[in-house]
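> Below are the chains, spelled out letter by letter.
2 protein chains.
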Amino acid sequence: MQVQVMKNILGENDKIAAENRRLFHDKKILAINLMGSPGSGKTSLLEKILSKLAEKINVAVIEGDLFTAKDAERIERQNIPVIQINTAGGCHLDAAMVKRAAESLNLDEINLLIVENVGNLVCPAEFDVGENFKAVVLSITEGDDKPLKYPLIFKESAVTLLNKIDLLPYTNFNLANAREDLSTIHPAIKIFETSCINGAGLDEFCNWILEKIDEVKL
Amino acid sequence: MQVQVMKNILGENDKIAAENRRLFHDKKILAINLMGSPGSGKTSLLEKILSKLAEKINVAVIEGDLFTAKDAERIERQNIPVIQINTAGGCHLDAAMVKRAAESLNLDEINLLIVENVGNLVCPAEFDVGENFKAVVLSITEGDDKPLKYPLIFKESAVTLLNKIDLLPYTNFNLANAREDLSTIHPAIKIFETSCINGAGLDEFCNWILEKIDEVKL
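For the record, the sequence lines run as chains P and R.
Residues in the first sequence are numbered consecutively from 37, following my numbering.
Residues in the second sequence are numbered consecutively from 37, following my numbering.
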């Protein structure tokens with residue numbers, strides 16, 4: 037009975053996600069669902085890459101958070117259009133929330149829409165919001181055992197950002213192990229090693245996004 | 037309709053949690069529900085404090101994880117009785133899972149039961165498992181904005197461990213801000229600054245647990 041309810045909710049979510057996906061496709065918008073643990077560095081990464089990307093394309097951001105608008109305020113300081121979704125305690129964004137938020141954006145003027153999900157390495161992976169692909173941020177300080185412990189989110193994501201790579205010398209994180217586990221879970225996954233402190237990997241990640249935007253435009 | 041289902045699930049959970057609590061009380065066991073983000077350092081902290089606590093009292097551990105037994109294997113190496121719960125993708129432990137796991141332990145020989153929850157700063161806070169108190173681990177590398185962004189888990193927890201304090205010099209974490217926000221959310225919250233690398237705060241936390249065990253015994 038509980039399973040049935042859950043299936044209905046997910047079925048309804050998939051329907052709205054498909055509508056979002058069709059809308060983004062029609063508007064030639066690349067949509068990225070950015071996920072990761074609390075404190076993995078999602079918003080800091082966004083701040084860094086948005087300033088680079090905004091020179092070349094039009095970006096908008098949808099921010100998910102339980103109660104605050106702290107992350108949206110950080111994005112807004114860069115004069116990027118941003119909509120804050122507060123889930124009021126909910127542990128993930130769903131397609132209906134993103135649909136409602138997207139209605140407040142001028143989609144005709146956007147090439148890239150980044151949806152920053154609620155900080156959570158479990159639940160967001162189960163909810164399609166209509167994105168072109170999911171990206172997961174894993175900070176070095178979280179430990180190299182996380183891909184095997186939270187496999188779904190890495191299986192669902194086209195790209196993993198191994199973030200805070202500048203802290204590698206101060207941890208026992210084994211990069212080779214993490215890369216091997218990621219490849220086992222998801223052989224086609226793209227991996228970037230990034231740092232918002234020393235800038236490592238940010239240009240490479242931005243260039244990869246720009247390539248994906250070109251593909252969407254065709 | 038969806039809300040109603042959720043209420044029923046939580047109502048049923050609270051009933052089983054109350055049964056667990058009564059059982060632990062009768063057996064004079066202190067039960068701690070240990071929560072925190074993926075990679076905040078919960079298992080490493082457990083490894084460190086168990087070796088100290090096991091000299092003085094009998095400890096058992098219930099480990100929550102989505103799919104693996106990696107954390108339980110780490111605890112087992114210390115010859116501590118440990119039961120692994122796999123939630124098969126579920127984002128938190130509930131009271132029924134803990135009840136079933138506790139049935140496999142010899143509760144007559146235990147003074148302290150630590151339940152390590154699934155790595156998640158959102159969902160576990162909503163589910164009472166029958167513990168005496170909740171403890172939340174927040175690693176310095178997650179950022180000082182987390183108490184205000186995830187207030188429920190800090191409101192529900194009797195104690196916060198500001199972990200990986202050895203990494204403080206390499207981050208922009210503001211300790212004073214974090215302490216102030218924690219006090220605003222939960223004025224009575226107890227705070228320890230801990231590190232598994234240099235051992236900071238571990239004796240203090242262990243002594244505090246031993247005091248709580250004495251209270252339970254009375």
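For the record, the hints were derived by calculation from the structure and aren't laboratory data.
Among these hints, one or two may not hold up.
Same chains, same names: a pair is fine if it fits in one copy or spans any two.
Taking lysine-lysine and the DSSO-like style, the derived pairs with C-alpha atoms no more than 27 Å apart in a straight line are [claimed, not checked]:
| # | residue 1 | residue 2 |
| --- | --- | --- |
| 1 | K253 | K106 |
| 2 | K51 | K84 |
| 3 | K253 | K135 |
| 4 | K226 | K92 |
| 5 | K226 | K106 |
| 6 | K92 | K248 |
| 7 | K63 | K253 |
| 8 | K106 | K191 |
| 9 | K88 | K253 |
| 10 | K64 | K92 |
| 11 | K191 | K92 |
| 12 | K226 | K88 |
| 13 | K51 | K88 |
| 14 | K253 | K64 |
| 15 | K191 | K64 |
Quick caveat, the model's predicted, so the values are computed rather than measured.
> If a hint holds in the structure, say so; if it doesn't, say that too.
The hints, checked one at a time:
Within a single copy, K253 and K106 get their C-alpha atoms no closer than 32 Å, and across copies no closer than 44 Å, so neither meets the 27 Å cut-off. In the homo-oligomer, the alpha carbons of K51 and K84 never lie at most 27 Å apart, since the shortest distance is 33 Å inside one protomer and 48 Å across protomers. With identical chains, the CA atoms of K253 and K135 are at most 27 Å apart within one copy only, with a shortest distance of 21 Å there and 54 Å across copies. In this assembly of identical chains, K226 and K92 lie within 27 Å of each other by CA distance solely inside one copy; the values are 23 Å within and 49 Å between copies.
Taking the shortest Cα distances, K226 and K106 sit within 27 Å of each other only across copies (26 Å), while inside one copy they are farther apart (30 Å). Proximity of K92 and K248 under a CA criterion of 27 Å is satisfied intra-copy only: 14 Å inside one chain copy versus 59 Å between copies. Taking identical chains as interchangeable, the C-alpha atoms of K63 and K253 lie at most 27 Å apart only when both belong to the same chain, with a minimum of 9 Å there against 66 Å between chains. Taking identical chains as interchangeable, the C-alpha atoms of K106 and K191 lie at most 27 Å apart only when they sit on different chains, with a minimum of 19 Å there against 29 Å within one chain.
Taking the shortest alpha-carbon separations for K88 and K253, only the intra-copy value of 20 Å comes in at or below 27 Å, while the best inter-copy value is 60 Å. Within a single copy, K64 and K92 get their C-alpha atoms as close as 16 Å, which meets the 27 Å cut-off; across copies the closest is 65 Å, which misses it. For the identical chains of this complex, K191 and K92 are neighbours neither inside a copy (30 Å) nor across copies (44 Å), given an alpha-carbon limit of 27 Å. Taking the shortest alpha-carbon separations for K226 and K88, only the intra-copy value of 20 Å comes in at or below 27 Å, while the best inter-copy value is 42 Å.
For the homomeric pair K51 and K88, neither the shortest alpha-carbon distance inside one copy (34 Å) nor that between copies (53 Å) is at most 27 Å. Proximity of K253 and K64 under a CA criterion of 27 Å is satisfied intra-copy only: 5 Å inside one chain copy versus 66 Å between copies. In this assembly of identical chains, the alpha carbons of K191 and K64 lie at most 27 Å apart only when taken from the same copy (26 Å versus 44 Å across copies).
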